[in-house]
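Dock chains B and C against chain A, hints included.
Residue numbers (our numbering), protein chains in the order written: chain A, 1 to 292; chain B, 293 to 584; chain C, 585 to 876.
Be a bit skeptical, because a hint or two may be false.
If you anchor each label on the Cβ, the simulated ranges turn out as follows [said to hold, decoys possible]:
1) B/F495 - C/A792: 29 to 37 angstroms
2) C/A756 - B/L343: 46 to 54 angstroms
3) A/R68 - C/A792: 53 to 61 angstroms
4) C/A637 - B/D498: 49 to 57 angstroms
5) A/A247 - C/E695: 52 to 60 angstroms
6) A/D202 - B/D498: 34 to 42 angstroms
7) A/R251 - B/A414: 28 to 36 angstroms
8) C/P632 - B/T493: 47 to 55 angstroms
Since the hints were derived computationally from the structure, they do not count as laboratory data.
Fair warning: this is a prediction, and the values are worked out from it, not measured in the lab.
Backbone N, C-alpha and C define an ideal beta-carbon position, used for all residues, glycine too.
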Amino acid sequence: MSQGDDTGTRPARLRSLLFAPGNRPEVCAKLPRSTPDGAVLDLEDAVPPKLRAEARPTVRESAAKLAREHPEITWYVRVNSVPSEWFARDITEALDPALDGVVVPKLDNAEQVAAVVDALSAAGLGHLHVLAGIETAHGVENAREILEAPGVAAGYFGAEDFIADMGGRRTAGNAEVHFARSAAVMAGRLAGVPMIDQVVTDFRNDDAFAAEAAEARNMGYRGKLCIHPSQVQLAHDAFTPTSDEVARARRLVAAHAAAAAEGRADIDFEGQMVDGPIVAQAQHLIELGDPT
Amino acid sequence: MSQGDDTGTRPARLRSLLFAPGNRPEVCAKLPRSTPDGAVLDLEDAVPPKLRAEARPTVRESAAKLAREHPEITWYVRVNSVPSEWFARDITEALDPALDGVVVPKLDNAEQVAAVVDALSAAGLGHLHVLAGIETAHGVENAREILEAPGVAAGYFGAEDFIADMGGRRTAGNAEVHFARSAAVMAGRLAGVPMIDQVVTDFRNDDAFAAEAAEARNMGYRGKLCIHPSQVQLAHDAFTPTSDEVARARRLVAAHAAAAAEGRADIDFEGQMVDGPIVAQAQHLIELGDPT
Amino acid sequence: MSQGDDTGTRPARLRSLLFAPGNRPEVCAKLPRSTPDGAVLDLEDAVPPKLRAEARPTVRESAAKLAREHPEITWYVRVNSVPSEWFARDITEALDPALDGVVVPKLDNAEQVAAVVDALSAAGLGHLHVLAGIETAHGVENAREILEAPGVAAGYFGAEDFIADMGGRRTAGNAEVHFARSAAVMAGRLAGVPMIDQVVTDFRNDDAFAAEAAEARNMGYRGKLCIHPSQVQLAHDAFTPTSDEVARARRLVAAHAAAAAEGRADIDFEGQMVDGPIVAQAQHLIELGDPT
Chain A
1 MSQGDDTGTR PARLRSLLFA PGNRPEVCAK LPRSTPDGAV LDLEDAVPPK LRAEARPTVR
61 ESAAKLAREH PEITWYVRVN SVPSEWFARD ITEALDPALD GVVVPKLDNA EQVAAVVDAL
121 SAAGLGHLHV LAGIETAHGV ENAREILEAP GVAAGYFGAE DFIADMGGRR TAGNAEVHFA
181 RSAAVMAGRL AGVPMIDQVV TDFRNDDAFA AEAAEARNMG YRGKLCIHPS QVQLAHDAFT
241 PTSDEVARAR RLVAAHAAAA AEGRADIDFE GQMVDGPIVA QAQHLIELGD PT
Chain B
293 MSQGDDTGTR PARLRSLLFA PGNRPEVCAK LPRSTPDGAV LDLEDAVPPK LRAEARPTVR
353 ESAAKLAREH PEITWYVRVN SVPSEWFARD ITEALDPALD GVVVPKLDNA EQVAAVVDAL
413 SAAGLGHLHV LAGIETAHGV ENAREILEAP GVAAGYFGAE DFIADMGGRR TAGNAEVHFA
473 RSAAVMAGRL AGVPMIDQVV TDFRNDDAFA AEAAEARNMG YRGKLCIHPS QVQLAHDAFT
533 PTSDEVARAR RLVAAHAAAA AEGRADIDFE GQMVDGPIVA QAQHLIELGD PT
Chain C
585 MSQGDDTGTR PARLRSLLFA PGNRPEVCAK LPRSTPDGAV LDLEDAVPPK LRAEARPTVR
645 ESAAKLAREH PEITWYVRVN SVPSEWFARD ITEALDPALD GVVVPKLDNA EQVAAVVDAL
705 SAAGLGHLHV LAGIETAHGV ENAREILEAP GVAAGYFGAE DFIADMGGRR TAGNAEVHFA
765 RSAAVMAGRL AGVPMIDQVV TDFRNDDAFA AEAAEARNMG YRGKLCIHPS QVQLAHDAFT
825 PTSDEVARAR RLVAAHAAAA AEGRADIDFE GQMVDGPIVA QAQHLIELGD PT
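So that you can see chain A by itself, here it is in the shape it has in the complex (with noise of 0.2 angstroms):
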């Protein structure tokens, strides 16, 4: 989507983020259909290694397409995390500039931001936010500064590959990675940038994925990655706010404003301390509750 407010690539709402393989136009080309707010075309996990780098040239095809058609929908490809051989061509030939973002995995430390800001940089596409991926033992471990890393406007946490980093393995309970997971949502809170959570796998059990959403949202997430449409209206019915929410972020934002004009930066409002990031969630949250 065009992003339509002065901060310039901050991604507007994130509730449903719905990956598709970017190998297969076909299944992208059906993306937009169970209208999720952000779409990924994936040329990591979801394509096949063989695959992937044959696949660039029909990735930024397809995004450049639909990003162009349906600017309704905050638009992503996926590339492969920095230190792999596929990185830097990901890069330059899969990204096309009609993007929003550029989603990538498994980040491990701040530096490997930065080299993303850089490749982007040198891509001609500095325009692209990315959308960072928390998912392995350092990932969480350094999750602050990556999430407050020049260019980083959202993340997620990737309960799957965190626990294949740990050796550990998933359950349905996520017991197993509810410290990395609170972890990864705090420090997206500190960096004042949105969390996005985990993926569920088993796709076809719709109540697992409302009662997943509800505890996500107890815990500050502002959406869910999705791997099949059917979960991307679970996704909006649990993180979408009540109105009375959304009152309250408007009063929230216009107390701000207005201390903001008399030289105060932080205030109390209804008994809670305001700064900086508790406004960016607020904006978040009136933009998550704007049926537009």
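Same frame as chain A, now just chains B and C:
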């Protein structure tokens, strides 16, 4: 309460810390009835913002009278947060020298604690200790430096404000605050100060309070914030140590003193390595168990 | 066991680490019967403090005999903690060169590990590795630096001592140690050393052990501390990898070796970024699955 020990301003025990709205002197006057360990005349969340400034002299007058008449209770006023418009005059106009300490909400870092201590000192109130509120993402991130800052004698974890700061939602199950609640109590242990656990807002639900208090005690918390007199006895039931626990703590303190007299700092006491914070913990437990 | 690989002192597998009181040679002599991966002659918590000094020669004699007769087991002595009155002479008088390593409880920081390594070296025992006990608040806070310290080849999380250090209480549900237990295993992953999970004290409850072992494996732990021979087989059942897991680990190690031969350090292997600790994890898993 008068301190009665040589550590100056350390609160003896805070199994319960009962809050009342500072602008309602008739409610504050009833604080002693349920015999809480600590009592707080609140100038922050319990008082509508428009009434906070005018409530200061009322709070000061109530505090002076109550602290004089009930030395068996540790008396506090909760001021507004350091960056708020109210903080400076809360310190100079709402605090009476007869108080034991000041509760400071939403502390984000040690610099804010230093500002509190400076303000107290400038107001001739340097003998008051700080009970530090850890209830923001920054506060949790910086909990150890906040709780180790000079002047801080205890802390609390505030779940409601923390989750508001995260943009999340509170649930009865507490999963969404488990990470922060655990990080806060561990920071208290590292800093050597007792930590008080979150409010149970559903004050008619005794079972929920008892269960949450047991959970808190298991984690290492020493007491509960109370918002209703009926919660005080429940907190005492949960946090009063057994006579065996008190006897062991007395042996530990004696063994440490004997070792110190021989020039040894750390000892292995009945299988537990004993350092300064563990001695402080044992002394606190002895005081908790002391029926005086 | 003799190490049989070029990494020097790394333990091959520790699905089970069975403890016996070092002052009871007749109990220690039975350690091999349940065929644990690792066995520990304990000089710490399992021995009454008054008997620890006199138990040292007994421990050394038992260790020498058992390590010689049972090279299929990794042999340890657990000494007392570094600041304790026993530590220095535990190293010089209770350790036999035939041991594989030394278990050091309640490590608080990397300086203490350096003191252990220095003491081992001075005693001509520099070939023994350190199995580091993370079981204090400071230990959890500093877990990564402890586990990364030279000489450390593995670690364990000790729930009982951790919660005693916190002044809390243990429960069967483990909620009170979830944060620390999660932080410790993540620190192990970052340091590239295998971590062993807490004791189940209720040693007659096989179901509880099996459930907790599964939970630990999900989190990324590689084995369990055992206090009864009956727990050893349960641990092996829980932590032995499947043949599919072993096969994948072999492919990963081979792919990494091939990439290294071409001068590449990091590779993307079947969707997982592979760095040094991941290779170590895979090698460990291969050894876990090896029926030898």
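Results of checking the hints against the structure:
1. Hint check: B/F495 to C/A792, Cβ distance near 35 angstroms, so the stated range 29 to 37 angstroms holds.
2. The hinted range of 46 to 54 angstroms is satisfied by C/A756 and B/L343, whose Cβ atoms lie roughly 48 angstroms apart.
3. Separated by about 59 angstroms at the C-beta atoms, A/R68 and C/A792 satisfy the suggested range of 53 to 61 angstroms.
4. Against the hinted window of 49 to 57 angstroms, the Cβ-Cβ separation of C/A637 and B/D498 comes to about 52 angstroms, which satisfies the hint.
5. In this structure, A/A247 and C/E695 meet the distance hint of 52 to 60 angstroms, their C-beta atoms being roughly 55 angstroms apart.
6. At roughly 39 angstroms, the beta carbons of A/D202 and B/D498 sit within the given window of 34 to 42 angstroms.
7. Between A/R251 and B/A414 the CB atoms are about 35 angstroms apart, so this pair conforms to the stated range of 28 to 36 angstroms.
8. Look at C/P632 against B/T493: about 48 angstroms separates their beta carbons, and that is inside 47 to 55 angstroms.
Violated hints are absent here; each numbered hint is respected by the structure.
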